[in-house]
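What follows is the residue order along each chain.
Protein chains: 2
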Amino acid sequence: MSDLADHPLRKHIEEITSLSDSDFEYILSHFKYRQLKKHQYVVQADEYVPNDFWVISGCLKQFFIDKNGKEHIIQFATSNWWVTDYDAYYNQTKSTFNIHCMEPCEVLTLSLTNREKLCADMHKVDHFFRRKSNAGYVALQKRILSLLTGTSTERYEKFNKMYPDLINRIPKKYIAAYLGVSRETLSRLYSK
Amino acid sequence: MSDLADHPLRKHIEEITSLSDSDFEYILSHFKYRQLKKHQYVVQADEYVPNDFWVISGCLKQFFIDKNGKEHIIQFATSNWWVTDYDAYYNQTKSTFNIHCMEPCEVLTLSLTNREKLCADMHKVDHFFRRKSNAGYVALQKRILSLLTGTSTERYEKFNKMYPDLINRIPKKYIAAYLGVSRETLSRLYSK
DNA sequence: CCAAAAGTGTGACCTATATCACACTTTTTT
DNA sequence: AAAAAAGTGTGATATAGGTCACACTTTTGG
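Protein chains in written order, with numbering that gives the first Met the number 0: chain A, 0 to 191; chain B, 0 to 191.
Keep in mind that the hints are not guaranteed to be accurate.
Identical copies go unnamed one by one, so any copy, or any two together, can satisfy a pair.
What the hints assert, rightly or not - Heads up, simulated SDA-like pairs for lysine to any residue below, C-alpha to C-alpha not over 25 Å straight-line:
#1 K141 / K157
#2 K171 / Y47
#3 K141 / D45
#4 K141 / H71
#5 K123 / K141
Hints are computed from structural coordinates only; laboratory data are not their basis.
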């Protein structure tokens, strides 16, 4: 029980709605724990996406390869983030994105069936996911705003502030691919 | 009752979950109908945002004014769209965006209190908003992808496909402000 | 119905950033 | 520990698209 109370997922959910031990036990039973090696793919473009991933530790990137073979990063996911190709996951279609471990990772996976079952059984969980999704929506809107409004310098500074740990944790070229500038331009940005 | 059955909001909700007449009647009672004049603001930057808006008819734009006074458009909202500054609305803080009628509009407004009440009372509604929010999240991700990946020509073509009616319904400069290019560049794009 | 405001197209110029190339450093693999 | 692979900084160009300017057209409001 002491274990249960300290579970990181429980803490995460209880930021939004409180749970009894049995609530949480029931919820957790719908997830599967997985350890992933560096460079492992958890979602591949053109394949189905049965799972959503909640990151316990490590760092993943969700990216898209364009017709010129160039990589564009949609999001990084570290501890406490949810990540999957939600379009493909919800609609049970093939993925347009890849999701890839940049470090060894621990994740909890949640299948669509289990998610919908959980949501149907427990109003609390449906509510939790609504709130999460709302927050995600707001975050994406801010990113769009910064792509429309900001110069690359401003976007770089914002990134720095938002993910201070990532800067020295992952190769710069991925940060460039997230910000939408070339590796070289990014390098020139912070040599000032 | 025949009126109720045909209500556009009911159709909209029933794309996701079916409702009894009394369900819908109860839901609708939490909304307020408003007619808006062209050029009217429904959300102003730096003010609180008590309502979410569901558009029956007309066209609104949600935009941001940057430090140089330049306008950036986050989203257009026409029939069946939901629009508000969700960050400010959910967190009861002041808005960073403006929302403005580009045409005379009819909308249904939903206060945060009523929304949370509805969601608490009816699991179906919570579920509906979760699904909507998920879909919105996916749409924003696609927009980010197109900002990161596409040339302006590609973004313009995508816009054309996605909102064929808007092209000749609203001034081009707003389309430019949505796509993230200058009015002049946009003009040159389609003179080919 | 007319004046003022808003919208639109096009030329001339300028700037931020992409691209290519290469040398050097750090990390990974065997 | 050596070889291979990946990451990084910096110079030389090339270019998409921004900005400014102006003429013309359409819409709006009194």
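Checked hints:
Taking the shortest alpha-carbon separations for K141 and K157, both the intra-copy value of 11 Å and the inter-copy value of 21 Å come in at or below 25 Å. Neither within a single protomer nor between protomers do K171 and Y47 lie at most 25 Å apart by alpha-carbon distance, with minima of 30 Å and 39 Å respectively. Taking the shortest Cα distances, K141 and D45 sit within 25 Å of each other only across copies (16 Å), while inside one copy they are farther apart (29 Å). In this assembly of identical chains, K141 and H71 lie within 25 Å of each other by CA distance both inside one copy and across copies; the values are 18 Å within and 12 Å between.
When the C-alpha separation of K123 and K141 is checked against a cutoff of 25 Å, the pair qualifies neither within a copy, at 27 Å, nor between copies, at 29 Å.
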